[in-house]
Amino acid sequence: MTHRQIMEALSGLLLGMFVAILSSTIVSNALPHIIGDLGGGQSAYTWVVTASLLAMTATTPLWGKLADLYSKKALVQIALIIYVLGSMAAGLSQNPGMLIACRVVQGVGVGGLSALAQIVMAAMISPRERGRYSGYLGATFAVATVGGPLLGGVITDTSWLGWRWCFYVGVPFAVIALIVLQKTLHLPVVKRQVKVDWAGAFFISAAVSLLLVWVTFAGDKYDWLSWQTCAMVGGAIVLGAVFLFIESRASEPIIPLRLFRNRTITLSSLASLFVGVAMFTGTVFFAQYFQLARDKSPTMSGVLTIPMIGGLFVSSTVSGQIISRTGKWKAWLVSGGVLVTAGLGLLGTIRYDTAYWKMAVFMALLGLGIGMMMQNLVLCTQNQVAPTDLGSASSTVTFFRSLGGAVGVSALGAVMAHRITDYVKDGLADLDPKYAHLAAGSGDSIPDMNQLPVPLRTVMESAYGHGIADVFLIASGMAFLAFVTTLFIKEVPLRTKGALAQAATAGSEPEEAPAALAAAPQPAALATVAPPSSGGAGGGVPVRGFVRGAESAPVARAAVTLISLGGRQLGRSVAQADGSYAVDAPGAGSYVLIASADGHQPQASTIVVHEEALSYDILLSGTSGLSGVVRAAESGLPVEGAMVIVTDVRGDLLAASPTGEQGEFSFTELVPGDVTVAVNAAGRRPRALPVEIGAGGVTRIEVDLESGARVRGVVRAPQGPLADARVTLVDAAGNVVGTATTGEDGAYAFTDLNSGEYTVIATGYAPVASTVTLNGHGVDDHDIALAHPGE
1 MTHRQIMEAL
11 SGLLLGMFVA
21 ILSSTIVSNA
31 LPHIIGDLGG
41 GQSAYTWVVT
51 ASLLAMTATT
61 PLWGKLADLY
71 SKKALVQIAL
81 IIYVLGSMAA
91 GLSQNPGMLI
101 ACRVVQGVGV
111 GGLSALAQIV
121 MAAMISPRER
131 GRYSGYLGAT
141 FAVATVGGPL
151 LGGVITDTSW
161 LGWRWCFYVG
171 VPFAVIALIV
181 LQKTLHLPVV
191 KRQVKVDWAG
201 AFFISAAVSL
211 LLVWVTFAGD
221 KYDWLSWQTC
231 AMVGGAIVLG
241 AVFLFIESRA
251 SEPIIPLRLF
261 RNRTITLSSL
271 ASLFVGVAMF
281 TGTVFFAQYF
291 QLARDKSPTM
301 SGVLTIPMIG
311 GLFVSSTVSG
321 QIISRTGKWK
331 AWLVSGGVLV
341 TAGLGLLGTI
351 RYDTAYWKMA
361 VFMALLGLGI
371 GMMMQNLVLC
381 TQNQVAPTDL
391 GSASSTVTFF
401 RSLGGAVGVS
411 ALGAVMAHRI
421 TDYVKDGLAD
431 LDPKYAHLAA
441 GSGDSIPDMN
451 QLPVPLRTVM
461 ESAYGHGIAD
471 VFLIASGMAF
481 LAFVTTLFIK
491 EVPLRTKGAL
501 AQAATAGSEP
511 EEAPAALAAA
521 PQPAALATVA
531 PPSSGGAGGG
541 VPVRGFVRGA
551 ESAPVARAAV
561 TLISLGGRQL
571 GRSVAQADGS
581 YAVDAPGAGS
591 YVLIASADGH
601 QPQASTIVVH
611 EEALSYDILL
621 SGTSGLSGVV
631 RAAESGLPVE
641 GAMVIVTDVR
651 GDLLAASPTG
661 EQGEFSFTEL
671 VPGDVTVAVN
681 AAGRRPRALP
691 VEIGAGGVTR
701 IEVDLESGAR
711 VRGVVRAPQG
721 PLADARVTLV
731 DAAGNVVGTA
741 TTGEDGAYAF
751 TDLNSGEYTV
761 IATGYAPVAS
771 TVTLNGHGVD
781 DHDIALAHPG
791 E
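Residue numbers (UniProt numbering): 1 to 791.
Any given hint might turn out to be false.
[As the list claims (entries may be wrong)] Straight line, CA to CA, 20 angstroms or less: simulated SDA-like cross-link-like pairs of lysine to any residue:
| no. | residue 1 | residue 2 |
| --- | --- | --- |
| 1 | K296 | W357 |
| 2 | K328 | A342 |
| 3 | K183 | Q77 |
| 4 | K296 | R631 |
| 5 | K221 | D422 |
| 6 | K73 | D37 |
| 7 | K183 | G756 |
| 8 | K183 | R631 |
| 9 | K490 | K296 |
| 10 | K73 | I176 |
| 11 | K296 | L452 |
| 12 | K296 | I350 |
| 13 | K296 | D422 |
| 14 | K296 | K73 |
No wet-lab data here; the hints were simulated from the structure.
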């Protein structure tokens, strides 16, 4: 896809993601006012934020799995609709409980958009180019995450709007995003038999929810070391164990546990957990700091966080562009970890009267670091997995980031409340006892600083400033753990094309194989075993192993043949039901092992046998099918005779066939992986789209072709057809659609045009302009007569 096509497809997605993330952050600066209006304390304040993060965390893996099974475009639209419904209900809230429940609904939609944005991008763009567009995604996330509080503050301070419009303001933009997505996002519709892991989704949601309830109320409603703690922590562990048990046996697990065998995915998920704590801590607690510790309005609270917005925006955009050019990403991750740790550590030193310019520097460092880490952790994960696991892997990293945010906000909110209480008690020790009575009367509620006497107000502001600084200091420890984790992530250059993950190989280059084997469709792999310390037995050396296919499933009845480098057959075996095979090599030396099975690509591997038995497993890639239907975009009717062409990522032709009477087409024996499907038909605009062919079964797609109008004719002079005349076609908006130069016959033509009004300008002698209106069928014989300049 061209850059223009990709940006058009991403426009609606970015808009949808913007308004969804905006809904999560827009309440930050309005929360003190909202909680005061609805009636609630610090725990309600924390849970309004945590509820959305919890729902986002719990549903992110489910959205990712659904994206591997169903239409990604439809899922994005469903997530947007859920967001709209949750936002409208939240604006009608009458008490904190109702608001928290509505925030849960919003979080479900936001979880979908956060996961699907990465997945849709990965479906269209190779990892190498993805860094460029990840910058745009990161910038959108940055502006929405940190710009939301600014907008929320402005809305709250505007008397004729009020805080309820914090929830309503994103609804029209979400509707616009739905319309734009429908028109611009064209992804193949993959249809196959699936089984959604609902049990896994339930148990992981229950485990995370119970854990968050515990960290929220521990130390307040009950002691950290109490029977409630034992019950909740024990329950969360049991629920987590049940989740792992279910995932290990589910046919379509919501989080495939095998992904964590990959070190990069495991470390990226762990780093994302700590990054989530840092990111959401900065956005949530800055609002309370500026409003309660520095007496700023909601609007100014947003304005004062602009350094963090700028840092996040710049770093995510610049790092994405540079990564696309170089293919190197680890340096950005490590540098981001350093900056996040430094920024939060410095923010841990602030007090209520700290000079703002210092805070601006600290916030900028934090923003720069988060921008370098957030999207690139997802990017390096996507570079490690097969296309069939793209959704699950992307959402897994996003899940851990959201989990870190949810746990961090909940736990650090509880810590902050206790620290503030302690600092207030210390400050009241030097004041008149009557102020202590006023402070005790406020209880757990968010204080109204303007209603407090000046001495007590100073104590409260100092307590909030110091307590929130302690939260930043704790978060810096989490950021340091993220930094340390990134040091152990191995950098793998970004792929320039999508492909199934290939089996790892070891050893050196194989000896030269016969020409017949060199042409095998799979690259030869080399297996070697170090020479033993003692000699082996005579009578042949056993070669044993398993033949496996997709998802490590055994391939029964696969034929395994052992031949010499000269091409002579030495042994043959048929794989058993469990995929096991056994052949005997005549002695030490180099041999070629060939495996083949119905529905799979044959595999040729060079093996080096010493004097001991060799264990060697064979991985076969399955062949798959591609079928679908071509329809007219405007009517939905099938297009007969359309030519469907399938090419691989190098542009080599794999298959081609015209559609039948019902617009149908079908191809078999295609290798799983990324391909490009191009379709063209007479009178219609050609279409090309990327398709991921699954590891098994038939992938089905639907292609809509738009009408392609044309205009053609002859440029004539008094003496006849005019050669070398310049013809320019301009649309109604004044854009040049195309240019042509006539040949000896004076003919020109423009094709693949949209319906509408165009201006045809011909130059050769004196210029002549004429208007033509296209209705989708085109115009022939639009001749143009040019005269001599003097006539």
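(request) Decide if the proposed pair is consistent with the structure: K73 and I176, CA atoms, cutoff 20 angstroms inclusive. (result) holds, 15 angstroms
(request) Compare the distance between the alpha carbons of K183 and R631 with 20 angstroms, and conclude whether the hinted pair is satisfied. (result) Holds, because 16 angstroms separates the two Cα atoms, which is no more than 20 angstroms.
(request) Would you mind confirming whether the straight-line C-alpha gap from K183 to G756 stays at or under 20 angstroms? (result) holds, 18 angstroms
(request) For the pair we were handed, K296 and R631, check the Cα-Cα distance against 20 angstroms. (result) With Cα atoms ~59 angstroms apart, K296 and R631 exceed 20 angstroms; violated.
(request) Compare the distance between the alpha carbons of K183 and Q77 with 20 angstroms, and conclude whether the hinted pair is satisfied. (result) Holds: K183 and Q77 sit about 12 angstroms apart, inside 20 angstroms.
(message) K328 and A342 were given as a pair; does the straight-line alpha-carbon distance stay at or below 20 angstroms?
(response) Roughly 23 angstroms separates the two Cα atoms, so the pair is violated.
(message) For a C-alpha distance cap of 20 angstroms, please report whether K296 and W357 respect it.
(response) Cα-Cα ~16 angstroms, so holds.
(request) For the pair we were handed, K221 and D422, check the Cα-Cα distance against 20 angstroms. (result) Within the cut-off at roughly 16 angstroms; holds.
(message) Would the hint linking K296 and D422 be met if the CA-CA limit is 20 angstroms?
(response) violated, 24 angstroms
(message) Does K73 sit within 20 angstroms of K296, going by the straight-line distance between their CA atoms?
(response) Between K296 and K73 the Cα gap is close to 42 angstroms, so the pair fails against 20 angstroms, i.e. violated.
(request) Sort out whether K296 lies within 20 angstroms of K490, counting only the CA atoms. (result) violated, 45 angstroms
(request) Below or equal to 20 angstroms on CA atoms is what counts here, so check K296 against L452. (result) Roughly 16 angstroms separates the two Cα atoms, so the pair holds.
The structure fails hints 2, 4, 6, 9, 13, 14 (numbered hints given earlier, in ascending order).
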